[in-house]
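Spelled out, the chains give:
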Amino acid sequence: AEPAFGLATDDGLFEMNIRGRLYTDYITVSDSDGNFSQSGTEFRTARLGIEGKAWKDTKYKFEIEVDGNDVNVKDAYMQFKTSMGSITAGQFKTPNSLDEQTSSRHISFLERASITDAFGFARQTGIMWSNGDSNYTAKLGVFKGSTTDSGSGDTTIAGRVTYGDKMDGGKWLVGGSFRDRSSDGQFRYRQRPHVHLSDRFVNTDRIGNGDDFFYGVEGAIQYGSFYSSAEYGILNAKEASVSNPGSDAKLHGGYIDIGYFVTGESRTLKTDKGAWDRPKVSNPVYNGGMGALAVTARYDTLDLTGDGIYGGEMDTWIIGLNWYLNRHSRIVVNYSNSSIDGAFDVSANGADGKNSVDAFGVRFQVDW
Amino acid sequence: AEPAFGLATDDGLFEMNIRGRLYTDYITVSDSDGNFSQSGTEFRTARLGIEGKAWKDTKYKFEIEVDGNDVNVKDAYMQFKTSMGSITAGQFKTPNSLDEQTSSRHISFLERASITDAFGFARQTGIMWSNGDSNYTAKLGVFKGSTTDSGSGDTTIAGRVTYGDKMDGGKWLVGGSFRDRSSDGQFRYRQRPHVHLSDRFVNTDRIGNGDDFFYGVEGAIQYGSFYSSAEYGILNAKEASVSNPGSDAKLHGGYIDIGYFVTGESRTLKTDKGAWDRPKVSNPVYNGGMGALAVTARYDTLDLTGDGIYGGEMDTWIIGLNWYLNRHSRIVVNYSNSSIDGAFDVSANGADGKNSVDAFGVRFQVDW
Amino acid sequence: AEPAFGLATDDGLFEMNIRGRLYTDYITVSDSDGNFSQSGTEFRTARLGIEGKAWKDTKYKFEIEVDGNDVNVKDAYMQFKTSMGSITAGQFKTPNSLDEQTSSRHISFLERASITDAFGFARQTGIMWSNGDSNYTAKLGVFKGSTTDSGSGDTTIAGRVTYGDKMDGGKWLVGGSFRDRSSDGQFRYRQRPHVHLSDRFVNTDRIGNGDDFFYGVEGAIQYGSFYSSAEYGILNAKEASVSNPGSDAKLHGGYIDIGYFVTGESRTLKTDKGAWDRPKVSNPVYNGGMGALAVTARYDTLDLTGDGIYGGEMDTWIIGLNWYLNRHSRIVVNYSNSSIDGAFDVSANGADGKNSVDAFGVRFQVDW
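Protein chains in written order, with our numbering: chain R, 1010 to 1377; chain P, 1010 to 1377; chain H, 1010 to 1377.
The set of hints was computed from the structure by calculation and includes no laboratory data.
Be a bit skeptical, because a hint or two may be false.
Identical chains share a label here; the pair holds if one copy fits it or two copies do between them.
Stated by the list, open to error - List time: in silico DMTMM-like cross-link candidates among lysine to aspartate or glutamate, alpha-carbon distance up to 20 Å: (1) Lys1102 - Asp1281; (2) Lys1090 - Asp1361; (3) Lys1289 - Asp1066; (4) Lys1282 - Asp1019; (5) Lys1363 - Asp1042; (6) Lys1289 - Asp1020; (7) Lys1153 - Asp1076; (8) Lys1289 - Glu1248; (9) Lys1175 - Glu1248; (10) Lys1259 - Glu1322; (11) Lys1247 - Glu1074; (12) Lys1363 - Asp1350; (13) Lys1180 - Asp1286; (14) Lys1065 - Asp1220; (15) Lys1247 - Glu1060; (16) Lys1175 - Glu1024.
Nothing here was measured: the structure is a model prediction, and the numbers come from that model.
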């Protein structure tokens, strides 16, 4: 009963799966400078989607997210499988970062690592080649226009490779990725503390000539009930340097985290996908069990300063609990403290550019 | 074949049901003062949703409504069943009013009672405990923030109990509910005549200190093909009194209605849900039958005046027909006359605050 | 396995089908006057829907399209089948034009004929009677209000009849339709070149007294792997004449196209629907075949000039390829050249009113 539910014809030509996720968050957040304080609830994610095969080798996925009164298209693509790899056309994420490639249903904390938002990892419209086996994944995509109704001009090229294997009592994975963006406009790099219902405290504002280049490395390990992952990435904002006009500003960041299932389960590391997946829950609550409980901790850093850029540095400690009632339902509790330094936004961080933000969040998460 | 269609795994762990409803209305409405006249069509409700079990004891529901070019999230929650009752987290209605708790698919008229909109019964984000058996229901919820992206400050507490039983030839139900709201802003209390495609003729505008308290009683009876329900509720708008500054303004309203299935069916009163449900149709049109036909009448009253508040009083007579082609399709015809008195909106009701509104509506309704 | 997937109860009373379509376009377009040039990607169509039977003789359909952050309701109706024909109530297309009645999934080019948009063939809210058999279709509808939240005043009456039959080696179809619109406002008639991601070069702007009358004829033939269709229609814009005030301006247009499946398949002409349908694919790519490949060509003309109206004339040649990987996936490639003449929009077409637009487009299309 554990694999998720789907519809299929007996001949395997046709398949359809209705997917959805609903995260209800309660958040309270405040800063030590006394400039910002908020508590409340929100649907962090309310999403419906459909994926399947419209005849065997042609997959499709179409997912929409409701955000207030708006709707955003998330994954929306068709994918042809060939003997030389798969071709994906439509809107989907650029292949970057383990934390970004891992579904938000399966990440270890409420929010992803700082670099994923700060460096603008997102879905774009394009075409991508991908290949892999049980050990490796390789992806290379070209994206044109970053919105659903793009005019012209923006081009992104991105690629990622991962390699991993089983080992005694677990699995490991290493990988790397790059992304090259050229745009008519300028980019800004900014990030919230580790809850969504918060203002942003670090922000470069729009800088550079509209081009940037990201490259990063990743690693993950699962050993029994213990797991850990880490990433580090550098982004060169082209011609963004203020102290040395015409040369690049180098922004960077990363994280290292650990987790441990006190109830004995394992986090699932998929070396054939290059991503984390949902754990198996040994004693789900519906069987009278305790569910699966993991304790988690992460150190996350983001440095948006240097070369005359004062976007700010944000160093965050997060501790948390993931309580899986069953494979598809969990309650996430996170507490985080972010130290901010060198941030130019005076109204948020004062003239000294320093601040400290405490955030607490609880999420009720279900997906199907 | 009568229970609605769903997907489930054989072990009962997983269940998924795709739900939707579509109401196409044709409305014509005009007032006797000659200030307002409108006729036209609209999708009163166009909704798609999904509900199910993501493993046995964890239910979910996610429903969106399309309104023009916008989308609104309606029910969106997860629910855990425990031996001590159920816990629901997400967005759902505060537990108030029989007419509000009854799905719009199963209400007896085009629109619900005046008090339900006027007093702002609506979905909020929160957490609720509920319990019950075949005779009683009990619900108590705490809600924080009334929108999907709430800032902070608003808190609502609400509860409802109902009790009912079978009797010779039918069923009965009595109940009561309360709701306590505290808000940073102010509330306004207002209502349309009994069609949606109309302006509002009674309206307090924003009054009071942002807190209010509602309490109400309800009763319903089904006896053979005859049915009737009634509600009465009072809302104390805190510190809203104009004639006696600092004390509350008391608004109130209610209704009594009757219905009769000339084709012999019965309206379904669910004492285990505390709500009306869809009738069984003895001779559906698809079997060459006449379907089920009910004649209905309601007297509805809403008083938004008193203590120096001149929101207006609206007393409405509605007569109608419900023609069920089958369990999931019906055509609703309503004619209503609303008498308005003591309403301050001069442009709508003239200097005398009196008006009279005639409304006629036809609805083509299907749900699945 | 070829008929699309659906859910149904064994007794045939209930049926539900989840439908969707996703078209990802890459477009490049430019004009010879040098006033407009654009290239980029967009989701031309991203749609999810559900259709079924909510008990046997009552069909429903509800389809939404995501367009940027907005959602539009497309088909949304319920339909009762009686012995005297079907009654459809809700929002759906007025019954006009073979190209418009053919689903965009099955049209032969990226976009429909110029007259369909220029003359405003669209979904409206109303009620329609329809009947037919394997040879003929007849439809007559009355529509009130053209939007989901219409005020009042607008009324449209439209009807269409088609007749067709088998012949040696193929099928043929002829038909005609009319549409009579009365509106409080004025209509404008305008059209893009044959890609969606383009400005409009011909445009009458708002003219006339808000009433218009369209009538048109249609024909189609399928003979082996060859197919062809043609339409011609005239629109009388009431009291729009500038040269002869008080009388009508006559706008007109049409097309003729051909197509040929080099891989031997046939385009499906449904005489019982009065529309084209998807082809059967003999050797789908998932079986190691080549899929189905059709070469296509169309001449399309639209004349928005005359009687003192200078909306412009646009004559377009389109050539294209339709490559069906399987019945539900295709890649469409179109190149078109449009000659514009007598168009008053000086910023687009210069003082001489002449221009020429080249457009190239590729579409990745999947539906389920």
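Check your understanding: Which of the numbered hints above does this structure break?
Key -> 2, 4, 8, 9, 11, 14, 15 and 16
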